Amino acid sequence: MEDVRINKKINIKGLVCPYTFVKSKLAVEDMEIGEVLEILLDYEEAARSVPKSMEELGQKVLKVEKINDTDWVLLIRKDRS
Amino acid sequence: MDFTEDQLQRYSRHIILPEVGGKGQKKILNAKVFIVGAGGLGCPVGYYLAAAGVGIIGMIDNDTVELSNLQRQIAHNTKKLGVHKVDSAKETFEALNPDVKIIGIKERISKDNIIDLIKDYDIIVDGSDNFPTRYLVNDACVMLKKPLVSGAILRFEGQVTTILPKEGHCYRCLFEEMPPPGLVPSCQEAGVIGAITGVVGSLQATEVLKLILGKGDILKNTLLIYDALKANFRRVKVPKNPECPVCSENPTITELLDYDAGYCRI
Chain A
368 MEDVRINKKI NIKGLVCPYT FVKSKLAVED MEIGEVLEIL LDYEEAARSV PKSMEELGQK
428 VLKVEKINDT DWVLLIRKDR S
Chain B
-6 MDFTEDQLQR YSRHIILPEV GGKGQKKILN AKVFIVGAGG LGCPVGYYLA AAGVGIIGMI
54 DNDTVELSNL QRQIAHNTKK LGVHKVDSAK ETFEALNPDV KIIGIKERIS KDNIIDLIKD
114 YDIIVDGSDN FPTRYLVNDA CVMLKKPLVS GAILRFEGQV TTILPKEGHC YRCLFEEMPP
174 PGLVPSCQEA GVIGAITGVV GSLQATEVLK LILGKGDILK NTLLIYDALK ANFRRVKVPK
234 NPECPVCSEN PTITELLDYD AGYCRI
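Read top to bottom, the protein sequences are chains A and B.
The opening position of the first sequence corresponds to residue 368 in our numbering, with each subsequent residue numbered one higher.
The opening position of the second sequence corresponds to residue -6 in our numbering, with each subsequent residue numbered one higher.
All clues given are correct.
20 Å max Cα-Cα, derived EDC-like pairs, lysine to aspartate or glutamate:
no.: 1; chain 1: B; residue 1: Lys20; chain 2: A; residue 2: Glu396
no.: 2; chain 1: B; residue 1: Lys208; chain 2: A; residue 2: Glu423
no.: 3; chain 1: A; residue 1: Lys375; chain 2: B; residue 2: Asp(-5)
no.: 4; chain 1: A; residue 1: Lys419; chain 2: B; residue 2: Glu12
no.: 5; chain 1: B; residue 1: Lys19; chain 2: A; residue 2: Glu399
no.: 6; chain 1: A; residue 1: Lys376; chain 2: B; residue 2: Glu(-2)
no.: 7; chain 1: A; residue 1: Lys380; chain 2: B; residue 2: Glu(-2)
no.: 8; chain 1: B; residue 1: Lys16; chain 2: A; residue 2: Glu423
no.: 9; chain 1: B; residue 1: Lys19; chain 2: A; residue 2: Glu396
no.: 10; chain 1: B; residue 1: Lys16; chain 2: A; residue 2: Glu402
no.: 11; chain 1: A; residue 1: Lys380; chain 2: B; residue 2: Asp(-1)
no.: 12; chain 1: B; residue 1: Lys16; chain 2: A; residue 2: Asp446
no.: 13; chain 1: B; residue 1: Lys16; chain 2: A; residue 2: Glu396
What the hints contain is simulated information worked out from the structure, not anything from laboratory work.
A quick note: this is a predicted structure, and the numbers were derived from the prediction, not measured.
Only chain B is shown next, with the shape it has when bound in the complex (with noise of 0.2 Å):
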């Protein structure tokens, strides 16, 4: 496949790069890559990944656009309101760049769906706002060894880290267990600042770029921890839990569970 002028022009900047070249950018073209999540997170992280020409880009959201989401959900805007995330983020990134195809699905994603959906995708982005998701996802990735971007902020904090099931830790080697439900607050109930979800979904789209490119360090066997009140980031280790419940040698969870007992989602 050879780049159209358009495309040279579009993609000049990462073609100049040593690190991507034209070899680098048809990668970015030919790459599959799902987020789960159509809210703070998952805009910016779907908004660079269609930027930089992600060929297809699939995402799972059940929600709405509300008010509320517009401090810090950048696909959206005032006109939207109502109209699905899934909807509303594809209309704005294949306007953006319309070599990417926006798959949008508007629906709840579960143990009994999400093999299905990120079966066919190269690599799977975290973007979701509650456990039992985080753990759903993990699970299903470590199962069907996929690579895992996964990021979550709260307040003035956010978190980055990625999963390569088999080399690296999983979220399970991290927390084991979910916590039980109340203990941490949700963003609803604690608020977060609306620009870190740019600073948290910058760095995921990087980390997805850099796996699509194969080049540089990834987060793996690490957890970055961005403070926005210090301006400060923190890199802690990792280690691979080799009594993992899930991506150890002998895992106990071998099958996808009911993430959601015990926990009430709104």
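Chain A with its partners taken away, still in its complex shape (with noise of 0.2 Å):
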């Protein structure tokens, strides 16, 4: 785990939903199968909601973690084009 390449970052703080999502699958598209997206968002929901609407549409999400008072990171791996 520790030692995911990351070859893509987005950093949608400051959006809310449907924002976050719209973001970061605009993003997951623009990227090939097996390649690491991460996004870094302040909006405590999208923190639940991303990881959800990433694992529907068949994507791995391999890490969601808070990293300070207001801030989330997430790691998603493009499974499905």
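Since each chain comes alone in its own frame, lean on the hints to assemble the complex.
Encoded structure:
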């Protein structure tokens, strides 16, 4: 888990639903299968809903971590195009 | 092409859909759709396609807005009485979505202009209100191999079918010849419940979007009939006619005809 290679990072702090998912989904669309996306966000609900929606699309949620009082980091691996 | 922030918001409910996404929305933004008629069906079809962000929408209609149109033709309004329908619709649709370009043509569609008018479009929508135009549009789309989403309404009933030339049936596989003049009443003679134009036009717009996206089942070889009084939808199978005069292997109609012969158009 420690040596996951991150291929792309997006910072969507300040965005609320559904734009958190819209931005994350568009980022994943532009990636290749097997690549990993790091998402930095500060909207608590999205820390739950974005991983759920990504799983529904067939992508792998590698990590959901609260890194400080306001921010979360998600790692999503693209498993399906 | 990347989306602007406004586009991300405007199309967010599309982008979220697994069947659309960013790639599908870009297909919609790059699509070119031609609508025959800016009346009962052309208004809702154009309205939803403009809202969806279809990049170029061509519309042909030679009529001006009349008070009797406003019970169902929702792109027009009371201030537009006497204005050409395509100008009225263009103003409505471009106000709804500045991403779309509306090309309005103030002419009657005919065998002499139809090929030039539709040849650069991806998908054709028939929202006309008469048989000569319906057969003209069908034959031209078969000849150019253009997908055609055809709709019709009368009284409390509506019909929709999608013609994919060579792959499925065409309008002449369903009804080989035009009915004789006077046999089938027009909306002017028989009336039409206004809201049914929204049902049928929305079905047509949805078929167009599915064709653009390449998703779902299309009304190919199928006529969908809506009976508003019974609140009932019926699907009728329409096989491709191997002897069809226009879409079979050996067609007898190989050029566009004088469809107006015997018909008076009001």
